[in-house]
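Enquirer: Residue numbers (the numbering used here): 3 to 276.
Just so you know, these hints were derived from the structure itself, not from any lab. There's no promise every hint is true.
Unchecked claim - Distance condition first, Cα-Cα at most 27 Å in a straight line; then the derived BS3-like pairs of lysine-lysine:
1) LYS247 with LYS67
2) LYS247 with LYS139
3) LYS67 with LYS250
4) LYS139 with LYS273
Source: prediction; values computed, not measured.
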Amino acid sequence: MSECGTFPLDRQQVFGLDFVVNDDPAHTRVVDALLAHCPSSCAGDALGDDQLPLVVTPNVDLLVKLRRDDWAEDLESFRRAAFVVADGAPVVAVANRLDRHLGVRTPGSDLFPLIWRRARNDELPVTVVAPTDIVAKRLHEEHPDARVLVAPRFDPDDEVALAAFADEVGTLTRLGDAAPVVIFSIGNPVQTRLARLLLDSWPTSAPKPLVCCFGASAELYLGIVPRAPEWFQRHGMEWVYRFGKEPKRLFRRYFVDDVAFLRIAFDEYRKTRR
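My request is simple: use the sequences and hints to build the entire structure.
Expert: What follows is the structure, given as structure tokens:
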């Protein structure tokens with residue numbers, strides 16, 4: 003894939019996805035590269051024929067779910083994404099152990115404030131899809147020129163409702179100059195499906211925006227949802243902190259469903275041995 007501007011990123015194939023390699027704990031180079039792909043700065047830099055200017059942040063839970071039959075279309079979106087950055091510490095650790103070097107963990111909760119502040123300070127047009135009215139209100143107070151709207155409750159399989167809301171986001175984003183950044187902060191699989199619909203339906207005559215799927219990052223940024231202390235973040239233990247806060251909700255995810263990642267890691271090990 004050709005890179006835009008002077009911010010090329012290395013890639014590494016692992017777990018069936020084309021991950022960005024990030025050796026910068028401050029994530030500055032990654033953010034520079036992402037924003038260099040915005041229409042305002044590179045006028046629609048040519049991606050691969052089937053690639054989308056989409057940022058996704060797979061962690062252990064997502065890698066497990068992407069192997070389910072009902073997530074087949076989501077897997078295709080992740081494979082088409084131009085920017086796949088590793089969120090989960092185990093994802094990075096296993097890849098690095100298998101000589102598929104990914105560098106450092108790059109969670110959406112770190113990328114959101116960097117991109118959001120850059121958009122605000124540099125007066126870049128930005129659209130944010132928020133999970134609640136309070137999140138939307140507080141983001142708009144910080145950046146009055148941002149376009150912020152609240153996502154309704156969705157059944158992830160309601161294609162009609164998803165398409166209608168994606169069209170609403172597109173209409174808002176295209177008001178005036180094309181917004182270089184659209185951030186979905188509402189969780190998977192809904193945000194990925196909305197992003198895919200938005201990009202696939204974007205007019206061919208206009209450069210596509212950079213679309214970021216950052217989950218609960220806006221709530222974490224605003225402090226509405228508390229983020230793990232720095233020690234937990236630095237050692238890749240945020241999941242322990244979250245489990246301590248919500249053990250009933252997260253027990254099955256962490257200790258039943260996500261155990262399947264061990265098989266995924268073993269399969270990847272066998273590939274490297276071959």
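Enquirer: Decide, hint by hint, whether the structure agrees.
Expert: Hints, one by one, checked against the model:
no.	hint	result
1	LYS247 with LYS67	holds, 23 Å
2	LYS247 with LYS139	holds, 26 Å
3	LYS67 with LYS250	holds, 20 Å
4	LYS139 with LYS273	violated, 48 Å
Hint 4 from the list above is the single one not met by this structure.
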